[in-house]
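Undergrad: Based on these hints, arrange chain V on the given structure of chain E.
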Amino acid sequence: MSILCVDDVSLAFGGLEVLCDVSFEVNEGEIFAIIGPNGAGKTSVLNIISGFYRPKKGTVFFKGADIGHLTPDKRAAQGMSRTFQNIALYHGMSVLDNIKLGAHSHLKTGLMGGLWYWGAAHREEMALRKKIEEDIIDFLEIETIRKQPVGSLAYGLQKRVELARALAMRPEILLMDEPVAGMNAEETEDMARFILDIKEEHNITIVLIEHDMQMIMDISDQVLVLNFGQKLTCGTPDEVQKHPEVIKAYLGREKNQ
Amino acid sequence: MYIGDFKETYASDQAVFVNTTSRFWLGVLFVLLAVFPFVVGDYLLFMANLIGITIIGAVGLNILTGCAGQISLGHAAFIGVGGYTAAILSSRFNMPFLLCLPLSGCMSAAFGIIVGGPSLRLKGMYLCIATLSAQLILEFVFVHWESMTGGIRGINISPPQIFGVVLDNDFKFYFLTVTLVIICVTAARNLFRTRVGRAFIAIRDRDISAELMGISLLRYKTYAFAVSSFMAGLSGCLWVNFLKTVTPEHFPLLESVRYLAMIIVGGMGSILGSIFGAVFMTVVPEGIKSILGLLVSVFPNAMSFLFPLQQVIFGLLIVIFLVFEPHGLAEIWRRIKNYFHLWPFDH
Chain E
1 MSILCVDDVS
11 LAFGGLEVLC
21 DVSFEVNEGE
31 IFAIIGPNGA
41 GKTSVLNIIS
51 GFYRPKKGTV
61 FFKGADIGHL
71 TPDKRAAQGM
81 SRTFQNIALY
91 HGMSVLDNIK
101 LGAHSHLKTG
111 LMGGLWYWGA
121 AHREEMALRK
131 KIEEDIIDFL
141 EIETIRKQPV
151 GSLAYGLQKR
161 VELARALAMR
171 PEILLMDEPV
181 AGMNAEETED
191 MARFILDIKE
201 EHNITIVLIE
211 HDMQMIMDIS
221 DQVLVLNFGQ
231 KLTCGTPDEV
241 QKHPEVIKAY
251 LGREKNQ
Chain V
1001 MYIGDFKETY
1011 ASDQAVFVNT
1021 TSRFWLGVLF
1031 VLLAVFPFVV
1041 GDYLLFMANL
1051 IGITIIGAVG
1061 LNILTGCAGQ
1071 ISLGHAAFIG
1081 VGGYTAAILS
1091 SRFNMPFLLC
1101 LPLSGCMSAA
1111 FGIIVGGPSL
1121 RLKGMYLCIA
1131 TLSAQLILEF
1141 VFVHWESMTG
1151 GIRGINISPP
1161 QIFGVVLDND
1171 FKFYFLTVTL
1181 VIICVTAARN
1191 LFRTRVGRAF
1201 IAIRDRDISA
1211 ELMGISLLRY
1221 KTYAFAVSSF
1231 MAGLSGCLWV
1241 NFLKTVTPEH
1251 FPLLESVRYL
1261 AMIIVGGMGS
1271 ILGSIFGAVF
1281 MTVVPEGIKS
1291 ILGLLVSVFP
1301 NAMSFLFPLQ
1311 QVIFGLLIVI
1321 FLVFEPHGLA
1331 EIWRRIKNYF
1341 HLWPFDH
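Listed in order, the protein sequences are those of chains E and V. Heads up: the first sequence at position 131 corresponds to 131 in our numbering, and the numbers run straight through without jumps. Every number in our numbering is 1000 more than the matching position in the second sequence, counting from 1.
Only chain V is shown next, with the shape it has when bound in the complex:
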């Protein structure tokens, strides 16, 4: 519990990690992240990379949809733009990875700004449809611009190289992913400590009064789309370098929907929520799969109907979540934290 937690400066009052306890747990988290790859097997490392890449994408979408209130159904396409940019730059121009990474982010951001243009006029469901069409158009381009994207066969690339180290296995890649996740999450959190983040939330909550407060809707909606799709681009670049291949079927509409589900389950407008959501949506299907796998080993005949059941169970889990915890996993986390702040007293 908290005792003697007094603040003497505004800086300490506004810190993200407000006291020694929370800084201690942050330290523990970093140690665990550093030790993790040395103690787990290939499968968990693969999953960790997958989760990390997803977190970057989810944080991006949460900034746009959760914080700035602009619903996007085109997030997977923005991730795709980043992925294809990375693949094309490295396979055709032999560009080093450290240059590809920011460039794919910038390319995605440019697309994001264009697609975000209509958001000045369109709100809610209407913007949703506009981004949906961007998703469909980009998907079409990925498939049919064969000279550039390689069509359905896609593009294969060689593993990325940083300062002479070839990241050719999940173990080495893990460190790249974790570093980028930490950078993106920190940057996103920082943004919401300044006027830019506050302007996003103001636009989400009441855009008319936001404008009367001196916030330029044009500028800040553009910023929101740019930051969000920049992160999508980074995520795409990592994803493609991780799999060493890119094909159109990695970025379908369903993937955009999955990202939206992620931030809703995790907690709209919460950076921490995007992390929880990304972990939940990646780990839970795998968990269901392994449980069903165990069942199948006991009842071999059940295979035919147990495997289709995966999706049903996963969908049910999400619905149950939304009914009982509409503010997402971040809210549950907050409650647990508050409980321990007061523990062992009730009030």
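The shape of chain E in the complex, shown without the other chains:
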């Protein structure tokens, strides 16, 4: 069953066509990868899904409902969460606070409750802490850094904290923009394992953008290939690897062809 459906979406910035009639469906519980050369419009697709860009044409269906009119925060509240290509953590906060921030739309404390704190707000904070510690910090193995300011962490750990924050949103679908970019082999392996665990243990659908072909082909169920804002093909990793258009876009044509 499809949880997310991007239907005939086009996007332009002025005269620059960024996406042109892109359609695809993401099935529930799968890992869906978007690949393509630089500037193909991969991040723009994620930005349209999360509501940061408004498409010129076409719309996005999430869990069967049209969400084209919703602002990013409303979409987040419906169970959509996101990590970024350039880590978008809040450097002024500790790791723990960053993760807690992910749970924002599941909390209820209002302004007055926050100023007073004792009572409901306190209980809510304690329940949140317990849940984060047991479900996320333990799962991603970041116990030792929970009190550190984010700015002082190594790159690979920051990526992991960002993933933790996205998980704290308790999403049904997780959008990841280049989760292993700039990581060494070991960190990439760790991250791939976490992504698979998220899919299997937490039953979260994952849409990811990545340039690491080996990882993509290893873990994803479906791969969408974009080039210059056009959809080249979409299918299983094996199908995509053999597709002549993909070979042309990535490797160029052989001389004698």
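It should be emphasised that the hints constitute simulated quantities derived from the structure, not laboratory data. Hints should not be assumed to be uniformly reliable.
Taking lysine-lysine pairs in the PhoX-like style, the calculated list, with each CA pair at most 20 Å apart, reads [said to hold, decoys possible]:
#, chain 1, residue 1, chain 2, residue 2
1, E, Lys-131, E, Lys-108
2, E, Lys-63, E, Lys-74
3, E, Lys-131, V, Lys-1007
4, E, Lys-63, E, Lys-199
5, E, Lys-147, V, Lys-1244
6, E, Lys-130, E, Lys-108
7, V, Lys-1172, V, Lys-1244
8, E, Lys-147, V, Lys-1007
9, E, Lys-130, V, Lys-1007
10, E, Lys-63, E, Lys-131
11, E, Lys-131, E, Lys-147
12, E, Lys-74, E, Lys-108
TA: For chain V alone, coordinates are given in the frame of chain E:
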């Protein structure tokens, strides 16, 4: 130093005062605050009230600028709105002080929300200019709406009364000020233990990703302006009741700048920093003045150039501070605390 400081519950791990030592020092602080008015003279009591009123204003501005990242050059005008509301309510409607206080806060908060409206579109320097114009407009209104504000002559009011006690001297007023400071500081600190405070910091650090995390920018920027100017209003109401008069020259643009300097010197985004900043900006000019006063008594002829020097020295002090300690007094305090946590060992 810390020994055997283990946490067994999440509640104790997330407490503001995490161990017996810090709770002990908090107790000491409360005792000192309670004893203070009985042992010092009128001048120090006057200064204490002044500092307390300034702290409330500075905490308000730090929530908005330091924590939520919305620069405001209109803070003095918001304090003024609170002050004028208090003066008008008590002089015209004979409203009791305990009603005036929250009402002046609410009136300021309403103005804050209106002025904060553009912050959804404007960032950084541009918002700064928008708040600057609010400051200038409100200042103009204070001076020229004579039927309401009394123009340049201002409004005189009688001393406030709480439960039959007339707060007609600095000694009695001190207890009111301290109570309100404690309430405001506690409320501000509490706010940053919940999702509201975290949302403010998220908006300051990266507003785009904050929105994608499910934080409504409209709502939380409005909250930040409302809380900040509510506290400004309280501060204004106290200030006017303390001086028993209100005139436009109490709330000039320079005062807004002074508040900004306060939170920068104290430490942006730190509640404790606002307290340090308020104390620094109130006490240091007085200290310089008294030192220069001593010099003048030794060299009577030096008067003419020593007194203008006050501002220069004060300005220099601030610059030196910013160069050597950009994170403000709160950071120095943190370092001192850490040193004693480890003392007598180095690591």
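Undergrad: Now, for every hint given, state plainly whether the structure supports it.
TA: Cross-check of the supplied hints:
1. E:Lys-131 to E:Lys-108: Between Lys-131 of chain E and Lys-108 of chain E the Cα gap is close to 16 Å, so the pair holds against 20 Å.
2. E:Lys-63 to E:Lys-74: holds, 14 Å
3. E:Lys-131 to V:Lys-1007: Distance of about 17 Å is within 20 Å: holds.
4. E:Lys-63 to E:Lys-199: Holds - the C-alpha atoms of Lys-199 of chain E and Lys-63 of chain E are around 17 Å apart, at most 20 Å.
5. E:Lys-147 to V:Lys-1244: Judged against 20 Å, a Cα distance of about 48 Å means the pair is violated.
6. E:Lys-130 to E:Lys-108: holds, 17 Å
7. V:Lys-1172 to V:Lys-1244: Holds, because 14 Å separates the two Cα atoms, which is no more than 20 Å.
8. E:Lys-147 to V:Lys-1007: holds, 14 Å
9. E:Lys-130 to V:Lys-1007: Answer holds: Lys-130 of chain E to Lys-1007 of chain V is near 14 Å, not above 20 Å.
10. E:Lys-63 to E:Lys-131: violated, 26 Å
11. E:Lys-131 to E:Lys-147: Cα-Cα ~16 Å, so holds.
12. E:Lys-74 to E:Lys-108: holds, 15 Å
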